[in-house]
Structures are given as structure tokens and as C-alpha cells.
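A.B. asks: Once you've looked at the hints, dock chain E against the given chain B.
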Amino acid sequence: MDGTSDKKKMVVGWFSFTCSEDSTILFTELLNDHLDEWKKLVEFRHVKALKTKNVLEGIDVAFIEGAISSDKQAEEVKKIRENSKYVVAIGSCACTGMPSASRNAFTPADITERINLYMQNFDYSPKVRKLDDVVKVDDMVPGCPMNAQTFIEILGKYLKVFNLA
Amino acid sequence: MHSGEITIENITKVEGTAGLKVVIENDSVKDLKFILKDFRRFYTQAVKGKPIIAAPSFLSRICGTCSVAHLFASLKAIEMSQGIEVSEQTKILKRLAYDALMIRDHALHLYFFVLPDILGVDSILDISDDASDPGHILLHDSFDIKRMGTDISTAIIGAAIHAPIPTVGGFLKNPDPSKFPDLVSRLEGIRPQVLRGIKTFAEWKDTLVRNTDYLYLRNDKQFDFLEGDIVNSNGKRLGSDKFLEFMEEVVIPYSQSEGYKFSDTHEDYLVGSLARINFNKDLLNPRTKADVESYLSLFPSQNIQHNNLAQAIEILECVDDAIDILKTVKINADEKPVRKPLRAGVGIGVVEAPRGILYHKAKVNDKGIIEDYDVIVPTAQNQINIENDLKKYFNENLDKEEEELHHRAEMIIRAYDPCVSCSTNFLKIDWIRK
Numbered sequence: 001m002d003g004t005s006d007k008k009k010m011v012v013g014w015f016s017f018t019c020s021e022d023s024t025i026l027f028t029e030l031l032n033d034h035l036d037e038w039k040k041l042v043e044f045r046h047v048k049a050l051k052t053k054n055v056l057e058g059i060d061v062a063f064i065e066g067a068i069s070s071d072k073q074a075e076e077v078k079k080i081r082e083n084s085k086y087v088v089a090i091g092s093c094a095c096t097g098m099p100s101a102s103r104n105a106f107t108p109a110d111i112t113e114r115i116n117l118y119m120q121n122f123d124y125s126p127k128v129r130k131l132d133d134v135v136k137v138d139d140m141v142p143g144c145p146m147n148a149q150t151f152i153e154i155l156g157k158y159l160k161v162f163n164l165a
Numbered sequence: 001m002h003s004g005e006i007t008i009e010n011i012t013k014v015e016g017t018a019g020l021k022v023v024i025e026n027d028s029v030k031d032l033k034f035i036l037k038d039f040r041r042f043y044t045q046a047v048k049g050k051p052i053i054a055a056p057s058f059l060s061r062i063c064g065t066c067s068v069a070h071l072f073a074s075l076k077a078i079e080m081s082q083g084i085e086v087s088e089q090t091k092i093l094k095r096l097a098y099d100a101l102m103i104r105d106h107a108l109h110l111y112f113f114v115l116p117d118i119l120g121v122d123s124i125l126d127i128s129d130d131a132s133d134p135g136h137i138l139l140h141d142s143f144d145i146k147r148m149g150t151d152i153s154t155a156i157i158g159a160a161i162h163a164p165i166p167t168v169g170g171f172l173k174n175p176d177p178s179k180f181p182d183l184v185s186r187l188e189g190i191r192p193q194v195l196r197g198i199k200t201f202a203e204w205k206d207t208l209v210r211n212t213d214y215l216y217l218r219n220d221k222q223f224d225f226l227e228g229d230i231v232n233s234n235g236k237r238l239g240s241d242k243f244l245e246f247m248e249e250v251v252i253p254y255s256q257s258e259g260y261k262f263s264d265t266h267e268d269y270l271v272g273s274l275a276r277i278n279f280n281k282d283l284l285n286p287r288t289k290a291d292v293e294s295y296l297s298l299f300p301s302q303n304i305q306h307n308n309l310a311q312a313i314e315i316l317e318c319v320d321d322a323i324d325i326l327k328t329v330k331i332n333a334d335e336k337p338v339r340k341p342l343r344a345g346v347g348i349g350v351v352e353a354p355r356g357i358l359y360h361k362a363k364v365n366d367k368g369i370i371e372d373y374d375v376i377v378p379t380a381q382n383q384i385n386i387e388n389d390l391k392k393y394f395n396e397n398l399d400k401e402e403e404e405l406h407h408r409a410e411m412i413i414r415a416y417d418p419c420v421s422c423s424t425n426f427l428k429i430d431w432i433r434k
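Chains B and E supply the protein sequences, listed in that same order. Heads up: the first sequence runs through residues 1 to 165, numbered per our numbering. Heads up: the second sequence runs through residues 1 to 434, numbered per our numbering.
Listed below are several chain B residues computed to face chain E (Cβ distance under 8 Å; list not exhaustive):
| id | residue |
| --- | --- |
| 1 | D22 |
| 2 | N32 |
| 3 | K51 |
| 4 | K53 |
| 5 | P99 |
| 6 | S102 |
| 7 | R103 |
| 8 | Y118 |
| 9 | P145 |
Chain E regions said to be covered by chain B (calculated; three or more residues, Cβ under 8 Å):
| id | segment |
| --- | --- |
| 10 | 15–28 |
| 11 | 42–51 |
| 12 | 158–164 |
If you are wondering where the hints come from, they were derived from the structure by calculation, not from laboratory data. Built from N, CA and C at the ideal position, the CB exists for glycine as well.
Next up, chain B with everything else stripped away, as it sits in the complex (with noise of 0.2 Å):
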């Protein structure tokens, strides 16, 4: 159950890599003055900061925050961008990868022993990319965190796309 009606909706996944999260914190600020509206006209089928049951199929609108760390989450973003419409970047790291991709600029003095016992032992790529060199991005946020009027202003674009406003 989701919303108040059997209307159409549009179906909309939210999904973060590696960030802070400080977008989806911001969003779920904009919660407190505009979940009542957007239930009438948004179904959140993949948001997992708010809910358990999550379904990656037939999303209209993914909005994906974070750069991306390593190949798995590289795989995980391209199934996200097969089972969406349209993608929309989230913040900075999405948008342009920093301040995740700090390490990109490392020198080879940098990578301690430490960091690389991580990077050898977990699934780090050589180098954190933003969204966009992984999957085609139908729009940006930028942000950090992400321009909530802008936010609201893509979402009402796409709310229009799908004959909803």
C-alpha cells in the first residue's frame, strides 16, 4: 500500500552509493511539508532509508545519490538505469564524484599500507567515478547536499512528463 487511490502514479526509486547521504537526509526534510502531496502522485517503490520492501521493476523516475566506489556498485547502477525511465543525479558526488573521489588524486606516497589493505580486500575500483561514466543521466541536482529547489523543480518537470501536474 502506497498513497491514498488506485490513480496512476509515478513509480520513482530513490538510491544512494558512496556519499554522506546528505541528500537524502534534505529529502526527507522535504518530507515534513510535502509527503501528503506526493503520495497523491508518487509511488516510492525502491527507497530503502524509508522502507523494507523494496522493488527494483518498473521505475519512472530513479534518483541516485553517490559516486560510484567499485565494480558491483557499477553493475548495481547499470540494473537501476535498465529498470528506469529516466535517472536523475543527486548531489555532488553523483554529479561530479567529489568529495568521494578525494582519493582519485592521491599520490602513490598516500595510499598507506592501511589503504590499500582496504582497497586489496574489498571490491574498490582504481578510481571513484561520478554517475554519469557509468549510465546515461537524464538530469542533475547538484549540491552538497543536493539544491532542494531544484530538486523539486526536476520532480515537478517529471511529474509533468508523466501527466501528472
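C.D. replies: Structure of chain E alone, referenced to chain B:
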């Protein structure tokens, strides 16, 4: 379940990405792994070479939800390294901004992540639209409470997330006191809603009791998140500069974050609201104490689900403290940040983040450049405690259906309010392999 494996790929309704793997053999837990999955961003390496003026803002990006905690811990560490003593005005405004952080951050956890468990629904998205429904009322309470925290943050430090106004030595801009009466009025307005939340979390009877050690900051003068000595359950008291001497770092090979033990006492320990209310409840604001007296008798508690109630009580504490500050503070609009000539030095900043003790240590050279930096975050400290709680739960409940085991395990993890994004930073002391 007699034998087999239980895997939760992604713990939901927490900040960041974590998983759980449990191996059961002959009716007991053979192995249990709580796995912090967020990829490291290597902040403590990346900050090296940056000027001190830029470091706190950069390091606030470690975390979205408790960025103000990282900002203030970093400012403390850098100010100490430079011998800077901030003004009384700066101290009281930071205290007010921190009240706002706790109000917003605790409310997010309690109402958006935990409340669905109490109501028996998956998500806040499933709560009734009927305005008379108790869940609907509580959810809409949370909107007002969170908005209050955000609006105080914006008025005092410029934003709730990655606040731009606090800087080394003070504030870049002083707040406009003409806004304070309205904030006081709104804080008074949310008090009944906060009390309704406290009652809700107090009446929730979910329980997991286990003996552990607790670490918390204590300032004998007042309930304080920003100043005090580190104290444990036995009353051992440490200055913040002695913290590392009592820490054992534990490398957990399957996790992206280290764990920690407090070497003087038990095997594991807990940080966070439960530790603070267990041992600092005598210091609560008199108004808070009067209104939650009946619930305070539940503390000290070893029930991890009482971390939720402790957070709810801390929201009221922060509301009442913020009211007191906003009614009494006098703002000197001309005050500027304290500046001193750059010098080489080492500084330590310890604060109580929403989830527990947060430690920053900065080593600065005589040009004011960061040479070395360490961070210890609460969720990394709670990691071993979480695993031990889960082992106890599974060993006592293997007769239950797997779906219930999944759900209850997530609820136990959620009670800690883990912040996985935070828990990916370095400390350079000797490793002890688990």
C-alpha cells in the same frame, strides 16, 4: 532453525548500507557478522595538506545527518591545536545549534525509522491518511519536530546540513535575535507533541537486555553534549586526551569499519543516548525532568530498545534547553571569530554526536596545514556491541520463524541508530585482529 544461514543483504531504515550474516549449527549461533558496507572515502587522508580554515567544513561531509557533530568536533580539535579559546557567545550558540541537531536527528530516527515497527507497518508511507489515526498524528508530530530543529539550525548556523557559519574561532555571522521569540513560541508549541512521542516509546515493550559497559561525556554542571570528561559505567573518568589510552582497535576483516573495545573493563561497550540517560539523567533540565519523571525510573537500563526512549527524552531536553537559551542569550552583533598567529600543534575535539562519543584529532604544522588527522565515530564503536546483542537474540530465539528473526534482528540494529556513512575513517594505533 536448527542449522542454516540467515542473510540480510541490506538493513533498511538506517543511515548508510549494512548487512548481516548468521550461521546456525546445532541450535546455536556458530558465526555472526554485522557488516558495514559503505565504501571508504578516506577523509582522514584527503584532509592532509589542507589549511585549517578549510578542514572542518570538508570533514563535515563525512556525514549527512550528523554533519554538525563532525563540524564542531573538528573545530574544537583545530582551535585546541592553535591555542584558541572561543568566546562565551560562541559556546552558547554552539550549544543551541547542537540542541537543534539532536531534535532533528533523533526525530528522523525515531519517527521515520522506528515508528513503523511500533505501528506494525513497513514504512511511514503506509501510515493512514486519516487525520485521527494515532500513527498519522505521530508522523505529523514528527514533521513539526524535525522542522523545528532545522529552522533553529538555519537561524543560528546557516543550515542543518553542512552549516556554513561556524568557523575556526567563532561564527562568520551572528544570528538575528529578533527571530528568537518566534522560535521560543514554536518550541513551546511542539512540547506536547514531543511528550506524546516519549509516551509512545515508553509504552513500547520490545526488549533485549544484555550487560555491557557504557561510555559517555559528563559535565557535572549540566546535561552537555559538547563539554565534559569521558566516563564509563564504573565511574572511571578520563580527560578527552586520554581516550586513546583506553581504546583497543579491532580490525573486522569483513567490515569496512574498525570496531573498538574499552580495554579497562568489559569486552564491549555502548555509546549513545542510552549511555547518556543511564548516567546523566540527574543533570537533565529541571522542566524536562519534571515532565518525564515517571519514565526516568526505567533508567539505568540495559535494554537496547530503551535507546529509543532515551533519544525521545533527549529531544525534550534539547527543546527545553533551547527555550532557556533563546530567552536569555544576549547577542553581540559585532563579535568576530578569535584569530591567532598560526602555530604547530595537536588538538583533540570530543563531543557526543547523536549516536555517541565522536573523537577528532588534528596535527597541524606551523604554516597552519593539516599534517595528520584521526576520527573515531560512534557507530564503529558500537559495532562489536551490536554483534554481541544479535548473538544473544539469535541464540535465545532460534525456534522462531525466519521472517520474524529477520525483522527482529533489523529492529535491534535499528535501535542503535547506526550511521554507516560515518564509520569509515582511520585511526593509526596498533591493530588487534579479531
